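Asks: The chain contents come next:
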Amino acid sequence: MFTKTKKDVQSGTLALMVLKTLNVLGPQHGYGIARRIEQISGDKLFVNQGTLYPVLLRLEQEGAVESDWGTSENNRRARFYRLTRAGHKLLEAEKRDWEQTAAIIARFFEVKAEDLA
Amino acid sequence: MKTLNRFLIRLRNLVTGQRGDQRLREELEDHVAREAEANIQAGMSEEEARRRARMKLGATEAIREQYHAEEGLPLLECLVQDTRFSLRQMRRSPGFTLVVVLTMALGIAATTTMFTVVYSTLLRSLPYPQSERIVAIHDTRIAGQSAGGLMTGPRFYDIEARNRSFSSLAIFYFDESTLIAGKKLPNYVKGAGANAGFWDVFDTAPMLGRVFNARDDVPHAPRTVVLSYPGWQRLFGGDPNIIGQQVKLDQQTATIVGVMPQGFSAPGGADLWHAAQFNTNDWGNYRGDGLRDNNVFGRLRFGVTLAQAQADLDRIGEQLRKEYPSSDGAWRFTSETLREDWYGQVQSALVVLLIASALLLLIACINVANLLLSRATTRQREVALRRALGASGRRVAFQIFVESVLLALAGGVTGILLAFVLTRIAAASLPGILGRPGTIHLDGIVIGVALLISVATGTAFGVIPVLETRKVQLHSALKRGETRLGGSSGNWLRSVLVGVQVGLSLVLLVGASLLGESLWNLMKQPLGFEPEHLLTVRVLLPWDTTPEAVGNFYNDVQQRIENLPGVEAVGQISSPPVTDFHVHGSFNADWLPQVANQPAISAEIRNIAGNLLVAIGTPLLTGRAFTAADQVSTVPPVLVNEALVRELMPQGNPIGHHLLVDGQAHEIVGVVADVRGISGAIAAEPGPAVYWPANTNGGWHRYFMVRTKVPPEQLAKSIREQVYQADPRQSVGEIETMDQLLSDAVEQPRLNAAVVASFAGIALLLACVGIYGVVSHFAAQRTQEIGVRMALGATRSDITRLFVRRVMVPAAIGLATGTVVSLAANRLLRSQLYGVQPDDLRLYLASLLVLLAPLLVATLRPAIRAGKTEPMEALRAE
Numbered sequence: 001m002f003t004k005t006k007k008d009v010q011s012g013t014l015a016l017m018v019l020k021t022l023n024v025l026g027p028q029h030g031y032g033i034a035r036r037i038e039q040i041s042g043d044k045l046f047v048n049q050g051t052l053y054p055v056l057l058r059l060e061q062e063g064a065v066e067s068d069w070g071t072s073e074n075n076r077r078a079r080f081y082r083l084t085r086a087g088h089k090l091l092e093a094e095k096r097d098w099e100q101t102a103a104i105i106a107r108f109f110e111v112k113a114e115d116l117a
Numbered sequence: 001m002k003t004l005n006r007f008l009i010r011l012r013n014l015v016t017g018q019r020g021d022q023r024l025r026e027e028l029e030d031h032v033a034r035e036a037e038a039n040i041q042a043g044m045s046e047e048e049a050r051r052r053a054r055m056k057l058g059a060t061e062a063i064r065e066q067y068h069a070e071e072g073l074p075l076l077e078c079l080v081q082d083t084r085f086s087l088r089q090m091r092r093s094p095g096f097t098l099v100v101v102l103t104m105a106l107g108i109a110a111t112t113t114m115f116t117v118v119y120s121t122l123l124r125s126l127p128y129p130q131s132e133r134i135v136a137i138h139d140t141r142i143a144g145q146s147a148g149g150l151m152t153g154p155r156f157y158d159i160e161a162r163n164r165s166f167s168s169l170a171i172f173y174f175d176e177s178t179l180i181a182g183k184k185l186p187n188y189v190k191g192a193g194a195n196a197g198f199w200d201v202f203d204t205a206p207m208l209g210r211v212f213n214a215r216d217d218v219p220h221a222p223r224t225v226v227l228s229y230p231g232w233q234r235l236f237g238g239d240p241n242i243i244g245q246q247v248k249l250d251q252q253t254a255t256i257v258g259v260m261p262q263g264f265s266a267p268g269g270a271d272l273w274h275a276a277q278f279n280t281n282d283w284g285n286y287r288g289d290g291l292r293d294n295n296v297f298g299r300l301r302f303g304v305t306l307a308q309a310q311a312d313l314d315r316i317g318e319q320l321r322k323e324y325p326s327s328d329g330a331w332r333f334t335s336e337t338l339r340e341d342w343y344g345q346v347q348s349a350l351v352v353l354l355i356a357s358a359l360l361l362l363i364a365c366i367n368v369a370n371l372l373l374s375r376a377t378t379r380q381r382e383v384a385l386r387r388a389l390g391a392s393g394r395r396v397a398f399q400i401f402v403e404s405v406l407l408a409l410a411g412g413v414t415g416i417l418l419a420f421v422l423t424r425i426a427a428a429s430l431p432g433i434l435g436r437p438g439t440i441h442l443d444g445i446v447i448g449v450a451l452l453i454s455v456a457t458g459t460a461f462g463v464i465p466v467l468e469t470r471k472v473q474l475h476s477a478l479k480r481g482e483t484r485l486g487g488s489s490g491n492w493l494r495s496v497l498v499g500v501q502v503g504l505s506l507v508l509l510v511g512a513s514l515l516g517e518s519l520w521n522l523m524k525q526p527l528g529f530e531p532e533h534l535l536t537v538r539v540l541l542p543w544d545t546t547p548e549a550v551g552n553f554y555n556d557v558q559q560r561i562e563n564l565p566g567v568e569a570v571g572q573i574s575s576p577p578v579t580d581f582h583v584h585g586s587f588n589a590d591w592l593p594q595v596a597n598q599p600a601i602s603a604e605i606r607n608i609a610g611n612l613l614v615a616i617g618t619p620l621l622t623g624r625a626f627t628a629a630d631q632v633s634t635v636p637p638v639l640v641n642e643a644l645v646r647e648l649m650p651q652g653n654p655i656g657h658h659l660l661v662d663g664q665a666h667e668i669v670g671v672v673a674d675v676r677g678i679s680g681a682i683a684a685e686p687g688p689a690v691y692w693p694a695n696t697n698g699g700w701h702r703y704f705m706v707r708t709k710v711p712p713e714q715l716a717k718s719i720r721e722q723v724y725q726a727d728p729r730q731s732v733g734e735i736e737t738m739d740q741l742l743s744d745a746v747e748q749p750r751l752n753a754a755v756v757a758s759f760a761g762i763a764l765l766l767a768c769v770g771i772y773g774v775v776s777h778f779a780a781q782r783t784q785e786i787g788v789r790m791a792l793g794a795t796r797s798d799i800t801r802l803f804v805r806r807v808m809v810p811a812a813i814g815l816a817t818g819t820v821v822s823l824a825a826n827r828l829l830r831s832q833l834y835g836v837q838p839d840d841l842r843l844y845l846a847s848l849l850v851l852l853a854p855l856l857v858a859t860l861r862p863a864i865r866a867g868k869t870e871p872m873e874a875l876r877a878e
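In order, the protein sequence lines correspond to chains A and B.
Heads up, the first sequence is in this note's numbering, so the first residue is 1 and it goes up one at a time.
Heads up, the second sequence is in this note's numbering, so the first residue is 1 and it goes up one at a time.
Quick caveat, the hints were computed from the structure, so don't treat them as lab data.
A few of these clues could be false.
[Claimed, not checked] Which stretches of chain A does chain B cover? Using the computed rule of at least three CB atoms under 8 Å from a CB of chain B, they are:
{"hint": "1", "region": "25-31"}
{"hint": "2", "region": "54-67"}
{"hint": "3", "region": "75-81"}
[Stated by the list, open to error] Straight-line Cα separation of at most 25 Å, DMTMM-like style, residue types lysine to aspartate or glutamate; simulated pairs:
{"hint": "4", "chain 1": "B", "residue 1": "524", "chain 2": "B", "residue 2": "744"}
{"hint": "5", "chain 1": "B", "residue 1": "717", "chain 2": "B", "residue 2": "727"}
{"hint": "6", "chain 1": "B", "residue 1": "56", "chain 2": "A", "residue 2": "38"}
{"hint": "7", "chain 1": "A", "residue 1": "95", "chain 2": "A", "residue 2": "110"}
{"hint": "8", "chain 1": "B", "residue 1": "56", "chain 2": "B", "residue 2": "82"}
{"hint": "9", "chain 1": "B", "residue 1": "190", "chain 2": "B", "residue 2": "568"}
{"hint": "10", "chain 1": "B", "residue 1": "56", "chain 2": "A", "residue 2": "73"}
{"hint": "11", "chain 1": "B", "residue 1": "56", "chain 2": "A", "residue 2": "60"}
{"hint": "12", "chain 1": "B", "residue 1": "184", "chain 2": "B", "residue 2": "736"}
{"hint": "13", "chain 1": "B", "residue 1": "717", "chain 2": "B", "residue 2": "568"}
{"hint": "14", "chain 1": "B", "residue 1": "248", "chain 2": "B", "residue 2": "216"}
{"hint": "15", "chain 1": "A", "residue 1": "20", "chain 2": "B", "residue 2": "30"}
[As the list claims (entries may be wrong)] FRET-style restraints, in silico, Cβ to Cβ:
{"hint": "16", "chain 1": "A", "residue 1": "111", "chain 2": "B", "residue 2": "23", "range": "57 to 63 Å"}
{"hint": "17", "chain 1": "B", "residue 1": "80", "chain 2": "A", "residue 2": "111", "range": "30 to 36 Å"}
{"hint": "18", "chain 1": "B", "residue 1": "393", "chain 2": "A", "residue 2": "101", "range": "23 to 29 Å"}
{"hint": "19", "chain 1": "B", "residue 1": "7", "chain 2": "A", "residue 2": "77", "range": "29 to 35 Å"}
{"hint": "20", "chain 1": "B", "residue 1": "12", "chain 2": "A", "residue 2": "71", "range": "42 to 48 Å"}
{"hint": "21", "chain 1": "B", "residue 1": "65", "chain 2": "A", "residue 2": "27", "range": "27 to 33 Å"}
Just so you know, these numbers come straight off a predicted model, no measurement behind them.
Built from N, CA and C at the ideal position, the CB exists for glycine as well.
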């Protein structure tokens with residue numbers, strides 16, 4: 001049913017993507033966030049878009065995002081998520097972590113056998 | 001912080017039951033609608049668009065579950081659910097619940113009560129500031145019997161002058177006197193004459209008024225009295241305006257200056273304290289044993305250890321031995337902590353009782369484990385069903401675990417309530433120092449420990465049925481018939497439990513029989529007197545009464561009591577047998593070599609008058625008793641006991657020989673039988689004793705020993721009246737029957753035996769219940785197998801034997817192990833035993849028989865019933 005190239009992302013990574021999306025786009029509803037993540041990752045990420053909502057709830061409980069009912073562009077009621085100050089900080093920290101990890105992993109992949117000799 | 005916040009939100013959601021279901025549904029609907037719109041714009045049909053959108057979203061139920069899990073606390077939620085379920089289960093089988101809870105409660109109650117006693121005495125700090133710095137200092141004879149650690153005044157003042165270890169030193173002597181308040185009748189009071197340092201050592205503020213100080217504690221200062229709380233209640237009804245009131249204490253005016261708080265009991269049983277008003281030259285050059293009547297305590301200076309203080313005391317003792325070889329040469333100082341001084345005697349008994357109660361708890365837990373295990377096997381189908389419906393193994397195990405812990409907790413709480421009652425009873429009725437008011441009480445720490453123990457045991461033994469459920473094979477358990485044949489799982493575990501239980505019961509039984517035998521040995525010892533129909537009456541005059549007045553008063557009272565109807569014989573003695581009273585004397589003898597500073601004889605001294613030997617029923621072996629003339633003689637004759645003759649004049653007749661004291665020769669006119677308990681402890685072999693005519697040395701405190709023809713209690717009132725008529729300023733102390741005193745003397749051994757015996761009884765009962773349950777369970781489980789076996793030709797007795805063997809093999813292994821453990825463990829009892837060895841084989845055999853008989857019954861009943869099974873019925877049963 002689904003192609004095997006799609007990856008079910010870990011919730012931590014998904015949370016980071018959510019934070020970054022809200023940071024770039026400003027307040028968004030769930031669908032908007034899902035859509036955006038899908039666009040950027042090139043349709044390669046989500047198995048189930050619904051898994052986004054438990055992650056949003058957790059971020060809200062942690063105080064990284066706030067949410068409220070609002071009206072969307074075509075006058076429909078939707079729940080909008082907004083990054084809080086704590087969310088900004090969290091994003092910065094996570095980003096640094098991620099970059100560090102990525103850099104280390106990248107260096108490992110660059111290493112050739114003769115370098116280790 | 002983040003995690004805590006989140007936890008709090010989730011906890012709030014859980015508690016308020018608030019759910020975001022509505023919000024999630026709206027959001028998901030909105031999501032699908034938007035996705036569908038996008039799909040339609042991409043050219044799909046409306047139906048197809050919605051289908052694709054839903055697929056992309058994923059399984060709504062799964063998302064909702066996940067969302068829900070984020071929202072609340074799944075583990076806690078499980079716990080709440082499981083608790084509700086378990087409570088429902090308990091209500092559904094009240095019999096099972098009751099048995100488990102009661103069994104646990106018994107174990108917990110016994111252990112908690114014993115632990116309370118041990119904690120209150122051996123662990124909790126004593127009720128004085130920095131009580132670990134308080135040291136009891138005893139005067140100890142280097143070789144031979146001491147005088148209960150009591151010290152002479154001069155030696156105390158030498159310590160006070162020479163020590164480098166104590167910041168303050170207390171000296172006090174017990175005294176009994178007559179207190180008259182206003183126009184009230186005279187009251188007999190027990191008091192302590194103490195120095196001012198006493199209050200520094202024990203360092204406790206009075207509840208009312210003040211304590212006496214150095215200015216009150218000088219000779220001829222106005223007399224001051226500090227009341228104990230019980231004394232204040234008994235003598236003055238707790239009158240709050242008591243401070244400053246004047247009373248007559250032994251006919252001298254004294255002022256009440258303070259009342260101590262309720263828990264202050266140093267020494268125990270004192271109604272009041274008054275200043276001793278000692279003067280260091282009160283005693284002149286005399287340092288002899290006649291002064292040995294003081295208790296001494298010291299408070300260590302900061303940073304000084306007990307060992308350092310002891311070294312300091314050794315140094316002083318050595319100096320005194322050199323300076324006063326004749327009086328101090330045979331003595332040294334020893335010291336111990338206040339706790340050792342108070343509770344050292346009972347420590348080993350308490351530890352034994354605590355271990356016994358722990359064994360009982362273990363047996364109770366094993367029984368509970370057995371019950372839980374039986375239930376787990378009967379619930380295999382339920383477990384299998386739940387597993388089949390999708391519960392994870394862990395989830396089922398968790399639920400069963402919660403059930404075990406809940407049962408244990410219920411048992412624990414019931415046990416603690418029971419322990420609360422038991423401790424109240426114990427606090428009021430324990431013998432000796434343990435029974436002092438305020439000593440024993442249940443507190444938060446003990447309750448906490450008890451709860452912890454019950455949860456820990458519940459957890460440990462709750463694991464057993466959990467292990468059982470993990471083995472459940474879904475298909476076979478659901479097919480139910482599978483358990484028909486062969487031993488089902490868990491049986492080996494049950495056998496082990498039976499073995500352990502039987503073994504532990506044996507350990508308790510052997511302990512109980514050893515202690516019982518000791519008690520019996522103690523009580524059947526020849527006493528050397530006849531305790532029945534014998535009344536002891538405490539009477540004492542002020543200590544400074546002239547010897548003449550003393551003699552007249554006691555002669556008068558002797559006459560009056562003799563004339564009362566129902567009285568057979570009356571005598572007087574300075575202290576009756578089995579009371580804790582020490583007066584030791586040293587003598588030379590005309591038939592023994594005399595060495596300077598080393599008296600040949602050290603013996604208990606008792607002053608007697610009246611018709612004492614006849615009154616207490618002690619036989620006169622040879623010679624004669626004292627006459628009226630002996631009581632007024634200036635060089636009075638003496639009586640000695642058999643032990644003295646046996647020890648110091650094995651061949652030969654002592655009559656006509658002399659004891660030498662201070663250069664005077666006192667003729668031995670008679671030999672009396674040994675009286676047990678003459679120096680307090682009934683377990684001690686009677687040592688040498690010398691009896692003096694009481695009126696020759698003005699002994700002002702005496703007991704009347706009254707042998708009666710009627711029940712002795714009936715005479716108490718008329719005796720009090722006679723004393724009042726003889727001297728209205730005079731009080732009468734305790735009036736007790738000798739039977740009562742004897743029973744007090746064996747109270748600790750009796751308590752040990754009674755407690756361990758009741759533990760052993762309960763253990764035996766539990767073991768029987770456990771074994772009965774196990775055999776019944778085997779039989780029920782294997783009804784079909786029995787049918788098959790019988791159909792194949794097994795006889796009824798074959799079937800019975802099968803089950804008996806099943807239990808008796810582990811039981812026999814348990815008994816063998818229990819015997820070995822008993823042999824090792826009962827060494828702990830040695831200090832509590834009297835006249836019996838801890839490896840007495842007779843008692844082991846007896847215990848084995850006592851244990852085996854009910855066990856056999858418990859095994860045979862269900863086994864025989866199993867043998868009576870009708871084969872056809874058994875086969876049809878399923």
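Asks: Each hint: holds or not?
Replies: How the hints compare with the structure:
no., hint, verdict
1, 25-31, "holds (count 3)"
2, 54-67, "holds (count 6)"
3, 75-81, "holds (count 4)"
4, 524(B) with 744(B), "15 Å, holds"
5, 717(B) with 727(B), "16 Å, holds"
6, 56(B) with 38(A), "11 Å, holds"
7, 95(A) with 110(A), "22 Å, holds"
8, 56(B) with 82(B), "36 Å, violated"
9, 190(B) with 568(B), "30 Å, violated"
10, 56(B) with 73(A), "23 Å, holds"
11, 56(B) with 60(A), "24 Å, holds"
12, 184(B) with 736(B), "24 Å, holds"
13, 717(B) with 568(B), "17 Å, holds"
14, 248(B) with 216(B), "17 Å, holds"
15, 20(A) with 30(B), "23 Å, holds"
16, 111(A) with 23(B): 57 to 63 Å, "49 Å, violated"
17, 80(B) with 111(A): 30 to 36 Å, "53 Å, violated"
18, 393(B) with 101(A): 23 to 29 Å, "36 Å, violated"
19, 7(B) with 77(A): 29 to 35 Å, "31 Å, holds"
20, 12(B) with 71(A): 42 to 48 Å, "29 Å, violated"
21, 65(B) with 27(A): 27 to 33 Å, "28 Å, holds"
Hint violations for this structure: numbers 8, 9, 16, 17, 18, 20, all remaining hints satisfied.
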